[in-house]
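Sequence lines, in order, name chains Z and F.
Note that my numbering has the first sequence beginning at 1, numbered continuously upward.
Note that my numbering has the second sequence beginning at 400, numbered continuously upward.
Please note that a few of the clues may not be correct.
Partial pick of chain Z residues on the chain F-facing surface, computed with a CB cut under 8 angstroms [unchecked claim]: (1) W52; (2) L110; (3) N124; (4) V128; (5) A186; (6) Q191; (7) S192; (8) L194; (9) Y258; (10) R261; (11) S343; (12) S344; (13) I350; (14) P355.
Covered, in the sense of this in silico footprint (three residues per stretch, anywhere, with C-beta under 8 angstroms from a C-beta of chain F), are these stretches of chain Z [stated by the list, open to error]: (15) 33-42; (16) 63-71; (17) 116-123; (18) 195-206.
If you are wondering where the hints come from, they were derived from the structure by calculation, not from laboratory data.
All residues carry an ideal CB built from backbone N, CA and C; glycine is no exception.
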Amino acid sequence: MATTIFRAIEAKGGYYALLGVCGLFLLLGAFGYFQMEHHGHVITGMDNQMVWGMPHVIALFLIVAASGALNVASTASVFGKTIYKPLAPLSALLALALMAGGLAVLMLDLGRSDRMIIAATHFNFKSVFALNVFLYTGFFTIVGMYLWFMLERRMNRWSSAAGMAAFIWRLTLTTGTGSVFGFLIAREAYQSALLAPMFIVLSFAYGTALFLLTLAATCAAARRPLGGMVVQRLKNLLATFVAASLYFVAVFHLTNLYFTRNHGVEQFILVDGGIISGVFWIGQVVIGGALPLLLLLAPGTTLGRILVACAAIVVGGLAQMYVTIIGGQAWPLDLFPGYAASSSFFDGEIHNYAPSLVEMLLGLGGFAIAALIVIIALKVLRVLPEKLDDAALLPQPGE
Amino acid sequence: MSDHTRRKFLGAAGLTGLAGSGLAALAPGVHLISLAAAHANGASSKVRWGMLVDTTRCASGCNACVTACATENAIQPGTGRPAQSSQWIRKIELNEFKTGRALSLPMMCQHCEQPPCVDVCPTGASFKRADGIVLVDRHICIGCRYCMMACPYKARSFVHEPLTEQNPEVPRGKGCVESCTLCVQRIDKGQQPACVEACTKNGRSAMLFGDLNDPASEIAKRIATTPTSQVRADLRLNPGVRYQGI
């Protein structure tokens, strides 16, 4: 491989226009947050039955995708695939940006977001959330150092070690994210250790899809050549991740169906859940699984088709989080098995949820934060190689 | 772009972001540190407060316990949807699928010996007092609602909006999670929880409160001689609230 030259992108009119659009979404997100902060969660679609809503759906998608966005860097540093090495800084940058966006939404949705300092100073180490505080801050530190070691020539020799550390850390992190649900003993839709590895596989798909979209958009906007070879390889990797995701989803539901006590909740998610079942089959399985597989594996792929598949995976990822988080809460807790229950607190009832505008704005603000970090970093840091065409990435004789 | 302009650009962007987010996030939090109070003290681990609910005496349609709880703890219906209002205690009507047998009973925090809400709380705001009462420290609750996801009894509520006309002895506040405290403010004065008192006054006497650890207490004697059950006993959380007649 020829020596890769990294260069910051040029800022022209279009750059500032994009910066402006993302800034506008950031402001809208801030507006949504301050509305919620002032009035309380009474202005959201959340309630005492549906305690986590759209902000959690978007935040967890971004956090899970952040871990997966590191795939390309890990493949280069940990598995020694030199073809991906020029792409590793962008991969690490995207991972940091997505994590920042997701965490911001998660923290701003707290009932007392003004008490973030407490979340950083008071710990109950039995809590997966408390553990996640360390996993998330550690992620920023380790991936941040990894990015620095890759960008700073004098530190290059440490980048492989940092890449390995980041790889192990992000697998642990996504295990922690999946475990947030896996350890909820009373919720029939969760309570499975399978959620942790499933979230890891999902992260591979979501992160790689978002990486490809970012890469293609950046190369097109910055007029940098992007070769077909690296895209083709990533396409094959992505197809494997999507197939593995579908496999995990199938095993998860089949395991639940094996236990008679879970038939009710499975019937709800898969068949009777109305919008939940619709989002599962159409959003998660068809748009997020079958369609991308078809687009990625059918002969004669083009970049356009791959990018459509990536967009479908992102939509499917949001659908999966919706089904997991909203669907899991919609199914009522069964306090008295064998009895029909009713109360003023909606015992025994399927719970409904309709997100309000403010929580949607807060969630979109998370995407805006991630986008702004990437856009600004591309301009101020030398993250993107000058050339990514096949000739620049192919191993040179003697290598 | 030269290094100089790039640094200026980065510096300006960084400073603006830091100043805004840093001030917004840290200032109120730092202020709260000084307000954070220690957990309740004075509770004895020799005592385990508990409750026995006799469902055969609990009448469908009777809401005396719910009303008394609302009065004692100043819980008013919110201005939002009913699903957003706090309910520390509620009446559940049950019908057995196979037999059609009807039951009515109050459901509230079960004050578990192994509370899942305490396990999952990231800051330690959910805690169990030495005498077995499960409480939320309103000074360090960040409103993440993880405890609500974890509670098998749906016993917790999130305060969705600003509150007024509160009982000074019962601190509550927007953005925090709350649940039945067993009327800890009354227990510490040697009184019974408001719901138990109201049930007795109403002539039902379906609720009995006392020290589960004291063999001489009425509740301990009743539990030792009468078949009682714990809700979701399969989870092995050993709730302090027991039910008779389920």
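Query raised in the report: Against chain F, is L194 (chain Z) within 8 angstroms by beta-carbon distance?
Result: violated (18 angstroms)
Query raised in the report: Is the interface hint for R261 (chain Z) satisfied, with its Cβ closer than 8 angstroms to some Cβ of chain F?
Result: R261 (chain Z) check fails; min Cβ-Cβ to chain F is 10 angstroms, beyond 8 angstroms.
Report task. For the hint on S343 (chain Z), just tell me whether its beta-carbon gets within less than 8 angstroms of chain F. Result -> holds (4 angstroms)
Requested in this report: Go through the hint on W52 (chain Z) and say holds or violated, using the shortest Cβ distance to chain F against 8 angstroms.
Outcome: Holds, about 6 angstroms.
**Report entry** Restraint outcome when A186 (chain Z) is required to lie within 8 angstroms of chain F by C-beta distance
**Finding:** Cβ of A186 (chain Z) sits 3 angstroms from chain F, so the hint holds.
Report task. Given that the segment 195-206 of chain Z was listed as covered by chain F, double-check it with a C-beta distance under 8 angstroms for 3 or more residues. Result -> Check failed, 0 qualifying residues.
Query raised in the report: Taking a Cβ-to-Cβ distance below 8 angstroms as contact, does the segment 63-71 of chain Z have at least three residues touching chain F?
Result: violated (count 0)
Query raised in the report: Should the interface hint for N124 (chain Z) be scored as holding, given a Cβ-Cβ cut-off of 8 angstroms against chain F?
Result: holds (4 angstroms)
Requested in this report: Have a go at the Y258 (chain Z) hint: is there a Cβ in chain F nearer than 8 angstroms to its own Cβ?
Outcome: Violated, about 18 angstroms.
Requested in this report: With a cut-off of 8 angstroms on the beta carbons, see whether P355 (chain Z) makes it to chain F.
Outcome: Where the cut-off is 8 angstroms and the nearest Cβ of chain F is about 14 angstroms from P355 (chain Z), the hint is violated.
Query - Minimum beta-carbon distance criterion (8 angstroms), I350 (chain Z) to chain F - result: Interface hint status for I350 (chain Z): violated (12 angstroms vs cutoff 8 angstroms).
Query raised in the report: Holds or violated: S192 (chain Z) as interface residue toward chain F, Cβ cutoff 8 angstroms?
Result: violated (15 angstroms)
Against the hints set out earlier in the document, violations occur for numbers 6, 7, 8, 9, 10, 13, 14, 16 and 18.
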